[in-house]
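Heads up: the sequence lines are chains A and B, in that order. If you read the first sequence in this note's numbering, its first letter stands for residue 45, the second for the next number, and so on. If you read the second sequence in this note's numbering, its first letter stands for residue 45, the second for the next number, and so on.
Errors might be hidden in some of the hints.
Think about it this way: if two alpha-carbon atoms lie no more than 30 angstroms apart in a straight line, the pair counts; the simulated DSS-like pairs of lysine-lysine are [unchecked claim]:
1) A:K194 with B:K358
2) B:K287 with B:K265
3) A:K323 with A:K79
4) A:K358 with B:K194
5) B:K361 with A:K361
6) A:K171 with B:K341
7) A:K194 with B:K287
8) A:K361 with A:K265
9) B:K287 with B:K254
10) B:K87 with A:K333
11) B:K344 with B:K333
12) B:K344 with A:K87
13) A:K333 with B:K79
14) A:K87 with A:K194
15) A:K103 with A:K141
16) A:K361 with A:K341
17) A:K280 with A:K171
18) B:K341 with B:K313
19) A:K171 with B:K194
20) B:K313 with A:K194
21) A:K171 with A:K313
22) B:K361 with A:K341
23) A:K341 with B:K79
24) B:K87 with B:K254
25) A:K323 with A:K344
26) A:K323 with A:K194
27) A:K361 with B:K171
28) A:K344 with A:K361
29) B:K344 with A:K358
30) B:K254 with A:K194
31) A:K194 with B:K265
32) B:K333 with A:K358
Here are some of the chain A residues that sit facing chain B, going by a computed Cβ distance under 8 angstroms [unchecked claim]:
33) N124
34) Y128
35) N136
36) H200
37) V211
38) E213
39) Y216
40) D217
Read the hints as simulated data drawn from the structure, not as lab findings. No experiment lies behind these values; they were computed from the predicted model shown. Yeah, the Cβ is synthetic: ideal placement off N, Cα and C, and Gly gets one too.
2 protein chains.
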Amino acid sequence: MNLNIGIDIGGTNIGAGLLDEDLNIIYRIEIPTNKDRGYDFVKSQIISIIEGMRSKASKLNQKIDSIGIGLPGIVDIEGNNVIYNANLNWNNVPLGKNLRHRFDIPINIENDATIAGIAESALGVMKGYSNSVFITLGTGVGGGIIINHKVYTGSHGLGSEIGHMIVGENFYDCNCGNNGCLETFISSTAVRRYVINEIEHGFINTSILKNVNSIEEIDTKLIFECAELGDELSNKAVNRMAKYLAIGIANIINIIDPDIIAIGGGVAKAGDFFLDRVKDLLPRYILFKELDFGEIKLAKLGNDAGIIGAAMLKEYK
Amino acid sequence: MNLNIGIDIGGTNIGAGLLDEDLNIIYRIEIPTNKDRGYDFVKSQIISIIEGMRSKASKLNQKIDSIGIGLPGIVDIEGNNVIYNANLNWNNVPLGKNLRHRFDIPINIENDATIAGIAESALGVMKGYSNSVFITLGTGVGGGIIINHKVYTGSHGLGSEIGHMIVGENFYDCNCGNNGCLETFISSTAVRRYVINEIEHGFINTSILKNVNSIEEIDTKLIFECAELGDELSNKAVNRMAKYLAIGIANIINIIDPDIIAIGGGVAKAGDFFLDRVKDLLPRYILFKELDFGEIKLAKLGNDAGIIGAAMLKEYK
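Start from the sequences and build out the full structure, keeping to the hints where you can.
Here it is in structure tokens:
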């Protein structure tokens, strides 16, 4: 029986696991990313993790089949260079190349939303479906696309960037420079920003303000809590978010038409309260109402999705 | 050597061809669709065409391998029912089922934009590429998606409806009931409608009006001609169309990231004059400018694309 290493590089911590063929995490490490110390330091930490895992495997008389790495950025199609990583402030760093130079083991690197999509496809709500799309709603919006049971990132590694699909006109521009990106309507940042903008424009009769000392303290969790208790501004914000998520899902259906779309990430923790609003709105945006369309479900895997998905990357390539 | 039948059902004519393995059309029929006489009549004409082709093949001592049919509508995933066909006013007609009942030959039915995409993929500008997207700009906007050298229409037959991707807010609603569909910005209908709306709102200092007796006579060809001659309103309309086509293409790149995107259909006849404006605008909407993205080219096949693509449908399924 051979083992695989899955590494999940986040802005705060690096999590890694040694997985057996049944996807059990038989050995696990978590260390601070120390991103302020720069790429070379982070890279040396990743190398130490892999070396630790390798000696663990050899004590068990087992071999490592592959190393998979997930990170919040984009990787070129050869998996050599991390072109961009917002969280770590990396630009064009040769992580794949450096690690391949060091280890004689197949190494794959992918965007973390794509990795989470793989985990959902292998073990979660997307399990067993041929075509599926994972959307993660957090401070940004990421996507993972599975087509014919394989991860799909396009011909140049640019695909599955669902958060930057332009879907309307918004009162502020996206970090990417465009106006109207899905991310600026449905990320937690977007919802918070919408509420603050409304308050600054005079919508002050809201229970949100009774729960904070200053508008800086407003967060998405509070907005969702106030919405559930019937607050008007909070519901306006949640309904706007639900509308644009429904539009984003309908656009995905009009193009990819998957078997299932799974919603994950922090915002999705609001659960059925939010998802039911999206499901209510969705049919109006579907073109052919006579045909079935994909199910919309909450993702079910927790924090280990990043490690598990990364360990399976080779299989899904 | 076996033969394949390709049938292209349009609102005005039905074109059909008997093709050899080198995709030569060795026998050809074109008859009026007579759509006003209803589905049963049109179906009987299609049956006559197939019977004529079959007896032609048997005179040549050859067998028919498959029948492929393209039409401007949507077909269920089993290829049994034409769910919707705007041009022919068909709703849920069992064309596939009826033809299979009659002929013991594999029959595939697909959307005509998908069929044109297959033809471009086999013989045109998309030839040799693994992942490609065809966009047809006419009175509506259609799409054909090729992934891994196969036609991709999704899990329920709803995919590749690129014209109904929501990309913004528009001054009029789409036929489908939504606001902001790509089709309402970049179809010939959309460009004409935008110009007429501007004129009705007072933009009357335009050479377009010197070329017509009434605003009803304005068409997209005239708008493009006036734009090339420097007319301000015409250029405003063409630039708006180019902007939204660039957004539509960028959205496709952000999701599917194909090797190539081919633009076909009537509006594309404006050629490089129009395409150059789209190409100039596109980079600003691309997320990661460090990576290559797919080429944008004009489709190169003419009227026979519908017949040829239909005859190849079996191979691309």
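Results of checking the hints against the structure:
1. For the suggested pair K194 of chain A and K358 of chain B, the alpha carbons sit about 23 angstroms apart, so the restraint of at most 30 angstroms is met.
2. Proximity of K287 of chain B to K265 of chain B is assessed by CA-CA distance (about 19 angstroms); at most 30 angstroms being required, the pair is judged to hold.
3. Under the criterion of a C-alpha separation no larger than 30 angstroms, the hint pairing K323 of chain A with K79 of chain A is inconsistent with the structure, at around 39 angstroms.
4. Distance check on the hinted pair: K358 of chain A and K194 of chain B sit about 23 angstroms apart at the alpha-carbon level, within 30 angstroms; holds.
5. Our distance criterion of 30 angstroms between C-alpha atoms is met by K361 of chain B and K361 of chain A, whose separation comes to about 22 angstroms.
6. Our distance criterion of 30 angstroms between C-alpha atoms is broken by K171 of chain A and K341 of chain B, whose separation comes to about 38 angstroms.
7. For the given pair, K194 of chain A sits about 33 angstroms from K287 of chain B by alpha-carbon distance, which is inconsistent with the 30 angstroms threshold.
8. For the proposed pair K361 of chain A and K265 of chain A, the alpha carbon gap of about 36 angstroms is over 30 angstroms, so the pair is violated.
9. Of the supplied pair hints, the one linking K287 of chain B and K254 of chain B holds, its CA atoms being roughly 27 angstroms apart against a limit of 30 angstroms.
10. For a cut-off of 30 angstroms, the pair hint linking K87 of chain B to K333 of chain A stands: about 25 angstroms separates their Cα positions.
11. A threshold of 30 angstroms between alpha carbons decides the hint, and for K344 of chain B with K333 of chain B the separation of about 28 angstroms falls inside it, so the pair holds.
12. Distance restraint check for K344 of chain B and K87 of chain A: the Cα-Cα separation of roughly 48 angstroms exceeds the 30 angstroms cut-off, and the hinted pair is therefore not satisfied.
13. Between K333 of chain A and K79 of chain B the alpha-carbon distance is near 24 angstroms, which keeps this suggested pair within the 30 angstroms criterion.
14. For the hint pairing K87 of chain A with K194 of chain A, the CA-to-CA distance comes to about 28 angstroms; that is within 30 angstroms, so the pair holds.
15. With a C-alpha separation of about 28 angstroms, the suggested pairing of K103 of chain A with K141 of chain A holds against the 30 angstroms cut-off.
16. Proposed proximity of K361 of chain A and K341 of chain A is supported: the alpha carbons are some 24 angstroms apart, at most 30 angstroms.
17. Between K280 of chain A and K171 of chain A, the direct Cα distance comes to roughly 34 angstroms. Violation of the 30 angstroms bound is thereby established for this hinted pair.
18. Between the alpha carbons of K341 of chain B and K313 of chain B the distance comes to roughly 12 angstroms, so the proposed pair stays at or under 30 angstroms and holds.
19. The hinted pair formed by K171 of chain A and K194 of chain B meets the criterion: a straight-line CA distance of about 24 angstroms does not exceed 30 angstroms.
20. Distance check on the hinted pair: K313 of chain B and K194 of chain A sit about 38 angstroms apart at the alpha-carbon level, beyond 30 angstroms; violated.
21. At most 30 angstroms may separate the alpha-carbon atoms for a hinted pair to count; K171 of chain A and K313 of chain A meet this at roughly 20 angstroms.
22. Annotation: proposed proximity of K361 of chain B to K341 of chain A holds, straight-line Cα distance about 29 angstroms (limit 30 angstroms).
23. A hinted pair counts as satisfied when its Cα atoms are at most 30 angstroms apart, and K341 of chain A with K79 of chain B does not qualify at roughly 42 angstroms.
24. About 46 angstroms separates the Cα atoms of K87 of chain B and K254 of chain B, which puts this hinted pair outside 30 angstroms; it is violated.
25. Of the supplied pair hints, the one linking K323 of chain A and K344 of chain A holds, its CA atoms being roughly 18 angstroms apart against a limit of 30 angstroms.
26. Under the criterion of a C-alpha separation no larger than 30 angstroms, the hint pairing K323 of chain A with K194 of chain A is consistent with the structure, at around 27 angstroms.
27. Between K361 of chain A and K171 of chain B the alpha-carbon distance is near 24 angstroms, which keeps this suggested pair within the 30 angstroms criterion.
28. Our distance criterion of 30 angstroms between C-alpha atoms is met by K344 of chain A and K361 of chain A, whose separation comes to about 23 angstroms.
29. Distance hint between K344 of chain B and K358 of chain A is unfulfilled; the C-alpha atoms sit about 38 angstroms from each other, more than 30 angstroms.
30. A hinted pair counts as satisfied when its Cα atoms are at most 30 angstroms apart, and K254 of chain B with K194 of chain A does not qualify at roughly 57 angstroms.
31. A hinted pair counts as satisfied when its Cα atoms are at most 30 angstroms apart, and K194 of chain A with K265 of chain B does not qualify at roughly 44 angstroms.
32. Restraint check for K333 of chain B and K358 of chain A: satisfied, since their Cα atoms lie roughly 27 angstroms apart, inside the 30 angstroms limit.
33. Hint status for N124 of chain A: violated, given a least beta-carbon distance of 12 angstroms to chain B, over 8 angstroms.
34. At about 6 angstroms, the closest approach between the beta carbon of Y128 of chain A and any beta carbon in chain B falls short of 8 angstroms, and the interface hint on this residue holds.
35. The criterion of a C-beta within 8 angstroms of any C-beta in chain B is met by N136 of chain A, whose closest approach is roughly 7 angstroms, and the hint holds.
36. At about 5 angstroms, the closest approach between the beta carbon of H200 of chain A and any beta carbon in chain B falls short of 8 angstroms, and the interface hint on this residue holds.
37. Hint status for V211 of chain A relative to chain B: holds, with the closest Cβ pair at about 6 angstroms, below 8 angstroms.
38. For E213 of chain A, the shortest C-beta to C-beta distance to chain B is roughly 6 angstroms, which falls under 8 angstroms, so the interface hint holds.
39. At its closest, the beta carbon of Y216 of chain A sits 16 angstroms from a beta carbon of chain B; the interface hint therefore is violated under the 8 angstroms criterion.
40. Taking 8 angstroms as the C-beta contact cut-off toward chain B, the hint placing D217 of chain A at the interface is violated, the least distance being around 12 angstroms.
Checked against the numbered hints given earlier, the structure breaks hints 3, 6, 7, 8, 12, 17, 20, 23, 24, 29, 30, 31, 33, 39, 40 and satisfies all the rest.
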